[in-house]
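Residue numbers (this note's numbering), protein chains in the order written: chain Y, 1 to 115; chain F, 1 to 119.
It is possible that some hints are incorrect.
[Claimed, not checked] Partial list, derived from the structure: chain F residues whose beta carbon lies under 7 Å from chain Y:
| hint | residue |
| --- | --- |
| 1 | P41 |
| 2 | G43 |
| 3 | E44 |
| 4 | V84 |
| 5 | F109 |
| 6 | G110 |
| 7 | T111 |
| 8 | R114 |
[What the hints assert, rightly or not] Cross-link-like lysine to aspartate or glutamate pairs, in silico, DMTMM-like; alpha carbons within 20 Å at most:
| hint | chain 1 | residue 1 | chain 2 | residue 2 |
| --- | --- | --- | --- | --- |
| 9 | F | K70 | F | E59 |
| 10 | F | K70 | F | E10 |
| 11 | Y | K71 | Y | E52 |
| 12 | F | K70 | F | E44 |
| 13 | Y | K9 | F | E44 |
| 14 | Y | K57 | Y | E30 |
| 15 | F | K16 | F | D86 |
| 16 | F | K38 | Y | E30 |
| 17 | F | K3 | F | D22 |
| 18 | F | K70 | F | E56 |
| 19 | F | K3 | Y | D38 |
| 20 | F | K3 | Y | E59 |
[Claimed, not checked] Facing chain F, according to a computed beta carbon distance under 10 Å, are these residues of chain Y, among others:
| hint | residue |
| --- | --- |
| 21 | M41 |
| 22 | Y48 |
| 23 | G58 |
| 24 | G107 |
If you are wondering where the hints come from, they were derived from the structure by calculation, not from laboratory data.
On a predicted model such as this, the values are computed, not experimentally measured, just so you know.
For each residue, glycine too, the CB sits at the ideal point set by N, CA and C.
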Amino acid sequence: NAGVTQTPKFRVLKTGQSMTLLCAQDMNHEYMYWYRQDPGMGLRLIHYSVGEGTTAKGEVPDGYNVSRLKKQNFLLGLESAAPSQTSVYFCASSYSIGQDPLGYTFGSGTRLTVV
Amino acid sequence: AQKVTQAQTEISVVEKEDVTLDCVYETRDTTYYLFWYKQPPSGELVFLIRRNSFDEQNEISGRYSWNFQKSTSSFNFTITASQVVDSAVYFCALSEWGLPALANEKLTFGTGTRLTIIP
Numbered sequence: 001n002a003g004v005t006q007t008p009k010f011r012v013l014k015t016g017q018s019m020t021l022l023c024a025q026d027m028n029h030e031y032m033y034w035y036r037q038d039p040g041m042g043l044r045l046i047h048y049s050v051g052e053g054t055t056a057k058g059e060v061p062d063g064y065n066v067s068r069l070k071k072q073n074f075l076l077g078l079e080s081a082a083p084s085q086t087s088v089y090f091c092a093s094s095y096s097i098g099q100d101p102l103g104y105t106f107g108s109g110t111r112l113t114v115v
Numbered sequence: 001a002q003k004v005t006q007a008q009t010e011i012s013v014v015e016k017e018d019v020t021l022d023c024v025y026e027t028r029d030t031t032y033y034l035f036w037y038k039q040p041p042s043g044e045l046v047f048l049i050r051r052n053s054f055d056e057q058n059e060i061s062g063r064y065s066w067n068f069q070k071s072t073s074s075f076n077f078t079i080t081a082s083q084v085v086d087s088a089v090y091f092c093a094l095s096e097w098g099l100p101a102l103a104n105e106k107l108t109f110g111t112g113t114r115l116t117i118i119p
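Using the sequences and the hints given, assemble the complete structure.
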């Protein structure tokens with residue numbers, strides 16, 4: 001039972017390079033999220049998805065794009081990486097019973113450094 | 001907009017002491033959910049508890065207990081007889097339950113409290 005799997009776990013990018021972070025969940029959850037964690041800032045929501053083919057902006061969406069082509073996958077893209085995007089990125093998924101939010105499950109994180 | 005405040009940035013206590021981590025929240029909704037997560041040095045986020053706004057009963061789980069008070073918008077977390085393994089960053093988080101549906105599922109986190117248990 002893998003839960004939420006993030007790849008890669010670590011990455012170093014040069015400024016201006018692009019990359020995609022992959023999040024995969026095997027729990028059939030409808031909702032998926034990308035957060036970034038920075039020292040003293042807690043976790044801040046970048047983008048989220050309430051279902052296959054749908055995405056929405058979170059608190060800090062600038063510089064990122066996302067896609068949810070398959071229910072189990074949620075991709076986070078950086079088109080032109082900047083040092084300010086150095087962070088730890090967490091993916092999460094959740095499900096609801098009605099509108100009752102349950103079962104947030106987090107991946108183990110991706111540590112990204114932009115030099 | 002929803003907001004979670006964890007005013008204690010860092011706390012250090014000697015092993016076996018009790019420690020309380022504070023969490024104050026703001027929300028416009030009457031129905032919402034509160035969470036606590038633990039982030040040990042290994043970095044993963046570990047779910048500790050979920051509480052909905054209709055349930056103000058305090059909860060105890062082993063050495064952990066939670067005090068939910070709607071009157072003061074607080075959801076504090078107490079560790080009794082602390083142990084070195086409790087050393088971690090602890091996050092309080094809030095999820096609003098209201099329309100539109102797109103807003104329901106987002107977790108808003110506090111900035112975390114780093115707890116260090118001194119042997």
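Right, here's what the structure says about each hint:
Hint status for P41(F): violated, given a least beta-carbon distance of 13 Å to chain Y, over 7 Å. Below 7 Å, beta-carbon pairs count as interface contacts, and G43(F) has one with chain Y at about 5 Å; its hint therefore holds. Because the smallest distance between the Cβ of E44(F) and any Cβ of chain Y comes to about 5 Å, under 7 Å, the interface hint for this residue holds. Taking 7 Å as the C-beta contact cut-off toward chain Y, the hint placing V84(F) at the interface is violated, the least distance being around 23 Å.
The restraint placing F109(F) at the interface with chain Y holds, with a minimum CB-CB distance near 4 Å, inside the 7 Å limit. Proximity of G110(F) to chain Y holds as hinted, the smallest CB-CB distance being about 6 Å (cut-off 7 Å). With 7 Å as the threshold, the beta carbon of T111(F) comes within range of chain Y, its nearest partner Cβ sitting at about 4 Å, so the hint holds. The beta carbon of R114(F) comes no nearer than 10 Å to any beta carbon in chain Y, farther than 7 Å, and the hint placing it at the interface is violated.
Of the pairs offered as hints, the one joining K70(F) and E59(F) holds, with about 15 Å between alpha carbons and a cut-off of 20 Å not exceeded. Simply put, K70(F) and E10(F) have alpha-carbon atoms about 25 Å apart, too far for the 20 Å limit, and the pair is violated. The hinted pair formed by K71(Y) and E52(Y) meets the criterion: a straight-line CA distance of about 5 Å does not exceed 20 Å. Proposed proximity of K70(F) and E44(F) is contradicted: the alpha carbons are some 29 Å apart, above 20 Å.
About 12 Å separates the Cα atoms of K9(Y) and E44(F), which keeps this hinted pair within 20 Å; it holds. About 17 Å separates the Cα atoms of K57(Y) and E30(Y), which keeps this hinted pair within 20 Å; it holds. Proximity of K16(F) to D86(F) is assessed by CA-CA distance (about 11 Å); at most 20 Å being required, the pair is judged to hold. Among the hinted pairs, K38(F) with E30(Y) is inconsistent with the structure: their alpha-carbon atoms are about 24 Å apart, more than 20 Å.
Taking the CA atoms of K3(F) and D22(F), the gap is about 14 Å. The hint holds against a cut of 20 Å. Taking the CA atoms of K70(F) and E56(F), the gap is near 7 Å; set against the 20 Å cutoff, the hint holds. With a C-alpha separation of about 17 Å, the suggested pair K3(F) and D38(Y) falls inside the 20 Å cut-off, and the hint holds. Taking the CA atoms of K3(F) and E59(Y), the gap is about 12 Å. The hint holds against a cut of 20 Å.
Hint status for M41(Y): holds, given a least beta-carbon distance of 6 Å to chain F, under 10 Å. Of the supplied interface hints, the one on Y48(Y) holds, with its beta-carbon coming within about 6 Å of a beta-carbon of chain F, less than 10 Å. Here the hint on G58(Y) is kept, as its CB sits about 7 Å from the closest CB of chain F, short of 10 Å. For G107(Y), the suggested interface contact is upheld, since its CB lies about 8 Å from the closest CB of chain F, less than 10 Å.
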